[in-house]
Each structure stands twice: as C-alpha cells, then as structure tokens.
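Colleague: Okay, here's what each chain looks like letter by letter:
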Amino acid sequence: MNLTREVFNTLTIAGKDLRELYRSKIRLFSLIIMPLLLMTIFGYMFPSGNALNHISVGIVQLDHGDEARAVTGKVIQMATSSGALDISNFAGIEQAKEALIEGRVKGILIVEPGFSENIALGGRGSMRLILDQSSPTITMAVSSSVAAILGAVSAQIADQGSQVQMTGAISLEQESIVPGAASNNFEFMAPGFLAMMVMMGGMGGLASTISRERELGTLDGMMMSPISRFSVIFGKALSQTVRGLFQGLIMIGLTMILFGVKIYGSPILMLLVLLLGVLGFVGIGIIATSIAAEQESATMILMMMQIPMMFLSGMLYPLEQLPGWMQIIAKCIPLTYAISALRKVMVLGAPLAAISGEISILIAIAVVTIGLAIPLFERATTK
Amino acid sequence: MIADIEVKGLVKYFNGFPAVNHIDLTVYKGELFGLLGPNGAGKTTLLRMLTTLLRPSEGQASVGGYDVVKEASRVRTVIGAVSDKLIMYNLLSARENLRFFGRLYGLKGDFLEKRIDELLELVELLSWQDKLVGTFSTGMRQRLNVVRAMIQNPSILFLDEPTIGLDPQSQRFVKDLAKELNQRGMTIVLTTHDMEEADELCQRIGIMDKGKIIACDTSSGLKRQKGVETLEEVFLSSTGRGLRDSANEKIPTGGRFRGFA
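Protein sequences appear in the order of chains A and B. Under our numbering, the final residue of the first sequence carries the number 405; numbering is consecutive throughout. Under our numbering, the final residue of the second sequence carries the number 266; numbering is consecutive throughout.
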C-alpha cells in the first residue's frame, strides 16, 4: 500500500465532496443554519434561572367561611407576588376540571367544605390539589409551589395575629385528574414520540419518495399520464400515512406492553389527531421537495425544520419551560398542536370538545400547506 | 397531409439561456420523424415540452391537435414516451408495472390484462411477467419500457434515444418495433445519435443545434443539399466538427432537472 497515494486519493475524494457542497446553496445554507438553530434552542431552553413561573392554577372554594377566605386570599397574594403561579377562580369543580383538560390550568386547588369550621376547632382544614398528570415537570412544580405557599400562608396568618385564628393546620391531598393515574415521565413523552414519528416519518418519507422517483425518472411516467397532480400528491401522501400509522401502532403497542403506558382516551380520537397531523406535514414535505433540486437537499431542508420542531413542540419539555418568544414560535409549529391534542386524549382522557382548538388549527395548517404545495409541486416539475 | 405535431416559435429558457430557441416544426400523421443534434442541442428539452413535462417559455405547440399547455391532460391521453431513463419500478414485476401504468390511463379489468398479455408477448417477456424488473437485463428493461409507453395504444410515440446502451440484438428489436408501429399508422418522433438508425428508420430528419432546427428534410434530401454521401457527413457539415461542451461552447443545462438540454 502506497501511503502517499492513499492520502492523495482520500484528499481528492474529500475535496470533490466539499466542492459539491459549496456549490449547492441549499445544502450550504442548511449546514450553517443547523448549528445556529440548535445552539439557540438549547441555550434558551435550559436557562440559568428557574423558567417554570406563572403556571396557571385554578382555585375552587367550596367553603366560604372567614378562615377559608383568608387562606385563599393569602394564597393568591403570595402566588402572584412570587410569580410562581397565576391563580384564577372557578365556581365549581367541573368547570375547573374542564379547564385543566383543555390545558388552560395545570392544577386545581380546592378548599374543601368544612375547612373553616375544622380550623376554628383546632383541627385540620382540608384542601385538595388536582394535578394534570400529563406533564411530570409541571406537576412537580405546581405541587411544590402550592405546598410552599400554603406553609408560608399558615405561618404568616399566625404571625400577624389576624382576626382569624389559625389554630389548626392545613392538610393537602393530591390527586390526578384521571383517578388512579400517576404522573409518569414516559406517559408525558409517549404522545410526543408517537406524533413525531408518525408525522415527521410521513413528511420525510414523502419528500424522499418523490425526490427518488424524480431522480429515477419514474415520476415522469406518472406526470405524462392523464391524471391530476392532486392524485399524484395524495396517492404518495396516503401511502406515507399508512406507513406512519403502522409505525404508530407498533409504538403504542410497545409503550403499553413494555413501559406500562395507559391510554385513558379514545383510540379513534387519537387516530383522527394523527391523521390530521400527517396531512399538515404532507404539505410541508411537498413544499420542501418542490424547493429542493435533489433528494439530499430535500432531506437537509427537512432536517432543518424537524430539529426545531422536535424541541419546541413540547415533545420533550413542557412549553411553559420555554421563554416567551420561543413559546410564540412553538405556537406556529403544527407538531405542537398534534402533541398537545394527543397528550390530552391519551393521558387525560379528553373528549373531542376539549381538543377542538387543536383540531381546528391542524385542519387549517393542512389546508394552507397543501394549498401551497400543489401549485409549487406543479411548478417544480414543469419548470 | 395532416399535421399531428405543430410547433410555432417555441422557446425554453433555463436561467435566461434559450435551450430551445424559436423552433417551428411540423410532424405529419403517420410519419416517423428523426431529430438529430449534438449533446446540448435542445432535443430532449423540445421533447419534454411536447410531452407536457416542461412548460414552454414562449411560443405554441400542439400534439394530436391539443395545445401542450392549455390541453395538457388531453395531450397525455394520445402520447406515449420512452426516455433514456427507464420508467420502471424495480420492485414490481413486469406485469405489475404495466398494470400500474395502465390504470393511470383508466384501463382496468380483463381489457387491461389482455392488453398486458399482448404487449408482453410483443416484446417476448410473457414468461418473465411475474419476475421483478430489478432482476431484468438492460435490454429486457428497455423492451418493457417501450411497451409501457404503448399501454394505452397512443397515436403518437416519442422515443428519446431508445437504443442507447443496448446490445445489437436489443437495438434491432427496438428498431423493428418502431418500424412496425409506424407501418400500423403511429406517428413517431425519434431522437438519436445513431446516424444509421436515423437513416434506416426516419422518413424525415430535423437537425438541431444550439436550440434551433438548422436543417429539415428527408435523408436523401439532406445529403443532396450538402452534396455528401452519408448522414454523418450531413450532420458534421451542419453542426461543425468542433467538440461540444468545450471551452468555446457554453451551453448550461440550466434548470433543476439534469439532462434537459
């Protein structure tokens, strides 16, 4: 083996590859933008301070005695001044539960009947905290904030020698919105993984199959036949959707069998969310394919979109952990809505009405992206 | 004579460069028309516009009486096309490939199956009908590719270098098939670099260079005009002997698809 020759050949091949990269504007752009995106996202996702502030919690007062009013008043005051929780009042438990399932609040603090009387008699005033078990991080944050605030409230009221004599203690019971369900990190992440696999797989698969057929020439065979471009796109999209749903089924089966993940909601509703999500991603996939000249560029464009989606969609971390401007970006990502709806259905057993917002947005995204994708695809294939 | 293909002032720009530059052309019904030209002359670009795969930048073209832009889907019902790329799926069998393309043309049921039988028999691949195309030789694939373009019995067939890379037996088979189809009344447009093939098959020949048709006549007419004996000499005297794509010849391929020009 001639070492000099080997080195020369190696350099020749590497040089050729880099030259190709330099001449492909899309690949070069992706190469530069990718680390910028990654570092920006990670840098802001894991800030030095505690980002989990202003978590929405509802209060339901089932006791209207002086002690109860004094405690809730102090809880609201302390939560607001510390910035940890944003408290809103609900008239009844059912209303509050509805808000929790829809994601408007992350916990419900209930002042149980007889609270004031028990306290006045030197006994324990009961409070109950219902938690959204779909996100363990949020659950933990709400739980610890409420416990800390209640501890401080008790002490403060006693110190101030208030008109209300807090001779007794406050007891706090905690439970999940779905009875018996425990907050489980994998249950939080499973819907996210499922949505990501199905939708991104569909999007990447679609872009790759169209690009491959274009390079092989077989796409010409379809484009020369008297069928509409709509049929070509939707035929391709349908096969990718079936593939994606099949993968999704395998994932659901595995998470249930191996990791004990339970599905509390309707499987049909889950399927509907996945299907609508896939349609939106199909549009994005076709747009990427239409912009890119060849398969590799299409793949790079998709990767550039997939990475921010993965970290900003609430798949791995609660959206509440992100800074405000990142939460705005997250709201522009279709995966965010698919994951949110899927999590509500799978973990909280939400009905269709509770995810109607997400469903409407997913439909709107699908209509807009596919509406843009068809003329772009037509233009790209006859340009 | 009835015109089957009519082209008027057709232009296709790629990044401002005219790959096809104001072409006028008429191909008559039942004619086997040859299109010759050096690499980058614009033959494939012209064919892609006539087969509705590319939108012209300027000018008009009609195929089978239909406008290639305004009535593209009607054009697609009357044409078949064979390009240098094999429009075949390797993981489908010969029959499955033909069935897939047949369905795209609205054929179905027994009619489609019988049509597939006829075509497979025509290219002597009936015994290979259930084998995956990926296991076929280049010649077998190209034979199948030719009948794939004939699945809906088109009246106009575009053959873009159909014998390139084939062994002499397969070349002869494709040439005889083109002749036979033409004798049955099919209009055929053939592009080739093989002068003998053009001389043997084509009733009229157009020579393209730098996006324009610079000569168009019968083979004997072209030879007479140039005062030479062979079509190759006609070609070289029309397009010059200098190598193409050399330092003095800047012919960009332009668009996103390779192999246009």
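Honestly, the hints are just simulated from the structure, not real lab data. This one's a predicted model, so the numbers in the text were calculated from it and none came from an experiment. Glycine included, every Cβ here is placed at the ideal spot set by N, Cα and C. Warning: the hint list may mix true and false statements.
Distance ranges between label pairs, derived from CB positions [claimed, not checked]:
no., chain 1, residue 1, chain 2, residue 2, range
1, B, Tyr-18, A, Arg-41, 26 to 32 Å
2, B, Lys-217, A, Val-29, 47 to 53 Å
3, A, Phe-268, B, Asp-172, 54 to 60 Å
4, B, Lys-13, A, Phe-268, 19 to 25 Å
No more than 25 Å apart at the CA atoms, straight line, and that leaves these computed lysine-lysine pairs for DSS-like [claimed, not checked]:
no., chain 1, residue 1, chain 2, residue 2
5, B, Lys-90, A, Lys-405
6, B, Lys-217, A, Lys-405
7, A, Lys-405, B, Lys-13
Colleague: Each of the hints needs a verdict: does it hold here or not?
Modeller: Verification of the supplied hints:
1. Distance hint check for Tyr-18 of chain B and Arg-41 of chain A: the Cβ-Cβ separation is about 27 Å, which falls inside the suggested range of 26 to 32 Å.
2. A hinted range of 47 to 53 Å holds for the C-beta pair Lys-217 of chain B and Val-29 of chain A, which are about 49 Å apart.
3. At about 43 Å, the CB distance of Phe-268 of chain A to Asp-172 of chain B disagrees with the hint of 54 to 60 Å.
4. At about 52 Å, the beta-carbon gap between Lys-13 of chain B and Phe-268 of chain A misses the expected band of 19 to 25 Å.
5. Of the pairs offered as hints, the one joining Lys-90 of chain B and Lys-405 of chain A holds, with about 19 Å between alpha carbons and a cut-off of 25 Å not exceeded.
6. Distance hint between Lys-217 of chain B and Lys-405 of chain A is fulfilled; the C-alpha atoms sit about 20 Å from each other, no more than 25 Å.
7. At most 25 Å may separate the alpha-carbon atoms for a hinted pair to count; Lys-405 of chain A and Lys-13 of chain B meet this at roughly 20 Å.
Checked against the numbered hints listed earlier, the structure breaks hints 3, 4; every other hint is satisfied.
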